[in-house]
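Take the sequences, apply the hints, and build the full model.
Protein sequence lines correspond, in order, to chains A and B.
The first sequence runs 2 to 288 under my numbering.
The second sequence runs 2 to 288 under my numbering.
Some hints could be false.
All copies of an identical chain are treated as equivalent in the list; a pair is satisfied when it fits inside any one copy or across any two copies.
[Stated by the list, open to error] Restricting the straight-line Cα-Cα distance to at most 25 Å, the calculated cross-link-like pairs of lysine to any residue (SDA-like) are:
#	residue 1	residue 2
1	208	271
2	205	69
3	249	99
4	249	57
The set of hints was computed from the structure by calculation and includes no laboratory data.
Number of protein chains: 2
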Amino acid sequence: MGKKAAAKDLATTLEKALRVHQGFVLADRAPASTPGFTKGKKTAVAAQETTAAELDDLQERMYAESTQGGRRNVLLVVQGMDTSGKGGIMRHVVGSLDPQGVTHHAFKKPTREELSHPFLWRVRNALPPAGSVGVFDRSHYEDVLVARVHNLVPPATISRRYGQIDGFEQTLVDNGTTVIKVMLHVSREEQGERLAGRLDRVDKQWKFNPNDVDERGFWPAYQEAYQLVMDKTSTDAAPWYVVPADHKWYARLAVHHLLLHHLRAMDPQWPAPSYDVSEQKARLASS
Amino acid sequence: MGKKAAAKDLATTLEKALRVHQGFVLADRAPASTPGFTKGKKTAVAAQETTAAELDDLQERMYAESTQGGRRNVLLVVQGMDTSGKGGIMRHVVGSLDPQGVTHHAFKKPTREELSHPFLWRVRNALPPAGSVGVFDRSHYEDVLVARVHNLVPPATISRRYGQIDGFEQTLVDNGTTVIKVMLHVSREEQGERLAGRLDRVDKQWKFNPNDVDERGFWPAYQEAYQLVMDKTSTDAAPWYVVPADHKWYARLAVHHLLLHHLRAMDPQWPAPSYDVSEQKARLASS
Numbered sequence: 002m003g004k005k006a007a008a009k010d011l012a013t014t015l016e017k018a019l020r021v022h023q024g025f026v027l028a029d030r031a032p033a034s035t036p037g038f039t040k041g042k043k044t045a046v047a048a049q050e051t052t053a054a055e056l057d058d059l060q061e062r063m064y065a066e067s068t069q070g071g072r073r074n075v076l077l078v079v080q081g082m083d084t085s086g087k088g089g090i091m092r093h094v095v096g097s098l099d100p101q102g103v104t105h106h107a108f109k110k111p112t113r114e115e116l117s118h119p120f121l122w123r124v125r126n127a128l129p130p131a132g133s134v135g136v137f138d139r140s141h142y143e144d145v146l147v148a149r150v151h152n153l154v155p156p157a158t159i160s161r162r163y164g165q166i167d168g169f170e171q172t173l174v175d176n177g178t179t180v181i182k183v184m185l186h187v188s189r190e191e192q193g194e195r196l197a198g199r200l201d202r203v204d205k206q207w208k209f210n211p212n213d214v215d216e217r218g219f220w221p222a223y224q225e226a227y228q229l230v231m232d233k234t235s236t237d238a239a240p241w242y243v244v245p246a247d248h249k250w251y252a253r254l255a256v257h258h259l260l261l262h263h264l265r266a267m268d269p270q271w272p273a274p275s276y277d278v279s280e281q282k283a284r285l286a287s288s
Numbered sequence: 002m003g004k005k006a007a008a009k010d011l012a013t014t015l016e017k018a019l020r021v022h023q024g025f026v027l028a029d030r031a032p033a034s035t036p037g038f039t040k041g042k043k044t045a046v047a048a049q050e051t052t053a054a055e056l057d058d059l060q061e062r063m064y065a066e067s068t069q070g071g072r073r074n075v076l077l078v079v080q081g082m083d084t085s086g087k088g089g090i091m092r093h094v095v096g097s098l099d100p101q102g103v104t105h106h107a108f109k110k111p112t113r114e115e116l117s118h119p120f121l122w123r124v125r126n127a128l129p130p131a132g133s134v135g136v137f138d139r140s141h142y143e144d145v146l147v148a149r150v151h152n153l154v155p156p157a158t159i160s161r162r163y164g165q166i167d168g169f170e171q172t173l174v175d176n177g178t179t180v181i182k183v184m185l186h187v188s189r190e191e192q193g194e195r196l197a198g199r200l201d202r203v204d205k206q207w208k209f210n211p212n213d214v215d216e217r218g219f220w221p222a223y224q225e226a227y228q229l230v231m232d233k234t235s236t237d238a239a240p241w242y243v244v245p246a247d248h249k250w251y252a253r254l255a256v257h258h259l260l261l262h263h264l265r266a267m268d269p270q271w272p273a274p275s276y277d278v279s280e281q282k283a284r285l286a287s288s
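Right under this line is the structure:
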């Protein structure tokens with residue numbers, strides 16, 4: 002099997018290995034595991050490089066489609082506990098895409114204005130235009146994660162939100178968006194080491210917030226909230242992928258290949274020119 | 002001289018060589034020249050790689066500053082005729098930055114809503130947040146370029162706009178923004194070849210617009226309009242750089258080093274932690 006065929010298999014393999022189906026149990030997916038991949042970091046980095054040009058080409062085709070009226074785009078939702086590696090995904094996976102076709106949005110604690118609207122309001126405002134890859138660093142899922150763990154809204158409101166999210170995402174899909182939802186699944190032990198690492202380095206201390214230690218105390222409640230998210234919002238239209246994230250290189254490999262898998266499935270095509278090529282060649286030659 | 006010192010010199014050299022001072026004559030800057038650089042493409046690419054980590058580090062420091070209340074940011078304005086390589090700068094120079102600290106905005110023909118506001122309205126709405134590098138692919142300068150060439154507004158309005166732009170940019174600078182304005186300076190001959198190249202390739206035809214040939218007919222008027230822009234809006238606060246762009250590798254080298262030069266001058270620092278490090282270490286250890 003050539004390199005390209007192997008790469009094709011890897012994207013399919015990882016997509017199958019990581020996708021959340023009914024009956025999925027979060028506690029059974031080991032954060033230090035590397036589902037669908039038996040090699041180490043070096044091979045993982047090489048596998049990403051092998052398919053970087055193909056990913057770039059697919060992204061540009063999707064963008065080109067949109068210039069001729071194509072409506073398709075991609076929404077990549079990235080969730081995970083503090084230090085799970087969301088920033089690294091943004092830098093090393095999203096960062097390898099052409100910035101002209103990417104919109105990146107980091108959702109923080111809602112502002113007063115955002116809170117005065119329904120919870121999906123700020124998310125709708127940040128959706129990517131046609132042809133683009135939109136990336137959410139945190140998302141509307143915070144409204145059933147932190148909101149659940151800290152009882153920010155009544156339980157009945159949380160319960161209703163799952164269905165509202167499913168309906169919202171179904172509408173996106175109906176309108177041409179491929180929705181890819183990734184949970185970076187880190188272990189409590191690994192988080193402890195990463196937080197300690199931040200406290201040790203002058204160039205990392207700014208990333209640390211004392212609140213991170215408080216939140217760490219709610220670990221089991223967050224795992225439970227994530228389990229409910231998987232139970233209730235991993236749909237055929239908008240599936241979740243739980244990506245073991247104790248090995249950063251594996252998480253990056255996985256998200257890169259999830260994007261690749263879905264862009265391949267979209268199979269975007271260079272649009273036919275809306276003008277007569279020979280006529281324009283003649284005009285240009287005499288210009 | 003070590004590699005790093007040489008790199009330092011290159012950024013300074015290119016900045017000096019490309020900056021527009023009073024008395025600058027656009028017609029005297031040859032689009033195929035490579036001011037401040039005597040080597041070829043290979044060395045240029047290597048020079049960018051040598052300083053990529055430093056640029057990344059500076060960008061992250063500026064971003065980190067903003068998390069502790071720092072207000073500084075960068076606005077990179079990129080202008081140029083069709084095919085001058087704006088897209089390549091976005092892909093290969095801006096694309097090497099961390100997307101979490103970049104906002105990219107491409108200004109198209111103004112919408113009806115945009116036209117109903119003063120010309121700087123849409124530009125203000127697209128300014129980067131503190132800590133970020135904002136990149137404009139075209140900008141408010143279109144309002145004194147295409148607007149002048151095609152008489153879209155009365156001459157007196159155009160005349161007033163130069164001063165309005167200078168005042169606007171001065172305010173940005175006063176508020177902590179480093180404004181870097183780049184004109185990619187391509188020759189008419191090179192444009193002709195690039196347009197012909199687009200017409201020849203299925204994966205490039207979507208980038209071609211019959212209007213590009215019409216606009217080509219206004220070449221001298223555009224050069225004159227650019228000359229006026231240089232005369233009237235290259236200020237100490239917000240200087241222009243005219244980057245010869247017939248060699249794409251040179252233009253990328255130049256813009257990379259212009260960013261590097263200005264970020265070095267800003268000299269952003271890792272912010273001091275707003276918490277007691279040993280106290281947090283103890284809390285974390287017992288968590």
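Structure-based check of all given hints:
1. In this homomeric assembly, residue 208 and residue 271 come within 25 Å of each other (Cα to Cα) only across copies, at 10 Å, whereas the closest approach inside a single copy is 42 Å.
2. Taking the closest pair of Cα atoms, residue 205 and residue 69 come within 25 Å of each other only across two copies (13 Å); inside a single copy the shortest separation is 45 Å, beyond that limit.
3. With identical chains, the CA atoms of residue 249 and residue 99 are at most 25 Å apart both within one copy (22 Å) and between copies (17 Å).
4. With identical chains, the CA atoms of residue 249 and residue 57 are at most 25 Å apart both within one copy (22 Å) and between copies (19 Å).
Hint violations for this structure: none, all hints satisfied.
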